[in-house]
Amino acid sequence: MAIAALITWLITAVGGFVMLAGWIGRGGHRPGSSGRLSPTMVFTHLLLAAVGLIVWIIYVAADTDALAWVAFILLLPVALLGFTMFARWLGSRRTSGAPESRFPMPVVLGHGLFAAVTLVLVLLTAVGVGE
Amino acid sequence: MRLMDSAKQPVTTLAGSYGHPVHPALVAVPIGAWIASFVFDVASRLVSDGHFLAEGSRWLIGLGVLGALAAALAGFLDLVAIPPGTRAFRIAITHMSINLTVTGLYGVGFALRGGSADRVGWGPLVLSAVALAGLGVGGWLGGTLAFRYGVRVADEATQRTGYVRAGSPEEDS
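Chains P and G supply the protein sequences, listed in that same order.
Take 142 as the starting number for the first sequence in the numbering used here and just add one per residue.
Take 3 as the starting number for the second sequence in the numbering used here and just add one per residue.
One or more hints might be untrue.
Said to hold, decoys possible - Chain G side only, calculated, beta carbon under 7 Å to chain P, not exhaustive:
#	residue
1	Thr14
2	Leu16
3	Leu28
4	Val31
5	Leu71
6	Val82
Just so you know, the hints here were simulated from the structure itself, not pulled from any lab data.
Glycine residues also receive a C-beta, built at the ideal position from the N, C-alpha and C atoms.
Using the sequences provided together with the hints, build the complete structure.
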């Protein structure tokens with residue numbers, strides 16, 4: 142289950158980087174951008190998710206139970222920020238020219254879906270299901 | 003905004019405020035830990051019971067890897083501030099690639115060093131030496147970005163305010 146979570150986490154990360162590259166490529170992180178995603182929101186989401194992933198890799202290697210909970214707790218604000226950005230992205234699709242308005246729908250939905258699966262798998266692992 | 007000025011501004015306060023970037027502060031952790039680790043490696047071969055040095059060296063490598071990953075996250079934020087297609091951007095990509103490779107080499111070194119040896123073997127020691135040399139090159143390029151091209155360094159007008167003597171009329175230049 143821990144390895145499954147690692148795989149879904151990595152797939153989620155790839156989707157995130159695809160969106161990040163498109164967003165930065167259209168200047169979403171520059172001051173005065175017409176986008177609705179603030180750089181602090183985007184990068185906090187990225188940083189916490191990346192730290193969580195590192196904690197999860199250490200958990201998989203070291204098998205220290207507390208680390209699974211640390212990873213789960215880190216993922217909660219990540220998920221909250223993700224939902225907030227998803228809501229803003231839905232709004233921005235009507236604003237042509239926003240850097241995030243051209244994110245491909247399958248990437249956005251896939252990212253959210255794999256993120257949700259990851260969160261559930263991490264929680265189940267932390268609780269000890271399947272041991 | 004001129005291209006150069008955009009590289010001076012943080013893309014988010016997570017990267018530190020203007021004139022106080024987080025990345026160069028964090029890189030002190032892996033640089034210090036990995037240099038100390040190498041000193042421990044060599045020392046473990048010189049003293050009679052070097053077990054504690056070999057053990058400490060592995061801890062320092064692990065500490066350095068975690069510090070490097072934290073520094074990499076902050077460094078990524080400074081990378082995206084640099085306009086693509088410029089010399090500074092190309093150097094930044096090279097700097098990132100070298101340092102991520104170095105971090106990977108130390109990750110391998112950490113894994114190789116299980117067990118409880120009385121001294122650090124030649125294999126892990128040479129690996130650390132190679133990684134440390136790479137760190138020197140990566141660090142040099144980081145220095146070029148900061149001190150030659152002024153990435154995340156405050157502009158000259160801001161710098162000038164540090165050179166006004168108390169009580170003297172401000173210079174116009």
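Here is what the structure says about each hint:
{"no.": "1", "hint": "Thr14", "verdict": "4 Å, holds"}
{"no.": "2", "hint": "Leu16", "verdict": "5 Å, holds"}
{"no.": "3", "hint": "Leu28", "verdict": "12 Å, violated"}
{"no.": "4", "hint": "Val31", "verdict": "14 Å, violated"}
{"no.": "5", "hint": "Leu71", "verdict": "6 Å, holds"}
{"no.": "6", "hint": "Val82", "verdict": "5 Å, holds"}
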